[in-house]
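Take the sequence shown: its letters are residues 56 to 251, numbered as in this note's numbering.
One or more hints might be untrue.
[Claimed, not checked] Computed list of lysine to aspartate or glutamate pairs in EDC-like fashion (alpha-carbon distance at most 16 Å, straight line):
1. 232 / 110
2. 206 / 105
3. 122 / 231
4. 226 / 129
5. 226 / 110
6. 206 / 110
For the record, the hints were derived by calculation from the structure and aren't laboratory data.
All values derive from a computational prediction rather than experimental measurement.
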Amino acid sequence: MFKSTTALLTIVFSLVACSKDTATGSANVQPQANTSSQTATGTLGYTAPDGWVAEKPSSSMRVAQYKLPRQSGDQEDASLVLYYFGQNQGGGTQANIDRWISQMHQADGSDPKARAKTETLTVNGLKVTTLDLSGTYSAEMTPGGGDFTNKPNYRLRGAVVETPKGSYFLKLVGPEKTIAHWDQSFRDYLNSFQFK
């Protein structure tokens, strides 16, 4: 009886040891690298310049929204919106630049792309592509609504900020004189971007 109990215990311990070795073996197998995009952590930080009036964002896609007060002689304030749609959302950099260019019609009917000023720079390690273009601002008032604005003597300053978490889209639109007044503060705002 003692011998059969010992034999039985030996078999049980052998089975436990085998299953333990198997579990350890599979635990030591290196998983394949995940090639899909992983959501990066972090946030885009920035500092709004003095004189800008913070407004409550009118949609969840708007990270920040500001009114830049109008200058004497202009009928409207300028509007600046910082958008974030999510990682790999919102379209590519050039597609957004091209879309913004198409919203600025030229009085002489020429191609607005020929007058657009674009620049690519690095701000605190982030790639930033900017646009500066004047003309008649004509954009849909509500996406898909079919109603368009028609604002002559306007200027659009745009920027696409590429971060590890995806791109942020910055759009400033308003009367030319007002945008010219806030031009340096717009550059200061861009230079304040940091991803932490």
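Review point. Between residue 226 and residue 110, is the straight-line Cα distance small enough, at 16 Å or below?
Key: holds (15 Å)
**Study point:** 16 Å Cα cutoff - pair residue 232, residue 110
**Key:** Roughly 22 Å separates the two Cα atoms, so the pair is violated.
Point to revise | residue 206 paired with residue 110 [C-alpha distance capped at 16 Å] | key: violated (22 Å)
Review point. Taken at face value, is the distance from the CA of residue 105 to the CA of residue 206 at most 16 Å?
Key: Violated, at about 27 Å.
**Study point:** Holds or violated: residue 226 to residue 129, with C-alpha atoms at most 16 Å apart
**Key:** The given pair, whose Cα atoms are some 19 Å apart, is violated under the 16 Å limit.
Practice item. Quickly compare the C-alpha distance for residue 122 and residue 231 to 16 Å and report which way the hint goes. Key: Roughly 15 Å between the alpha carbons, so the hint for residue 122 and residue 231 holds.
In this structure, the hints that do not hold are numbers 1, 2, 4 and 6, in rising order.
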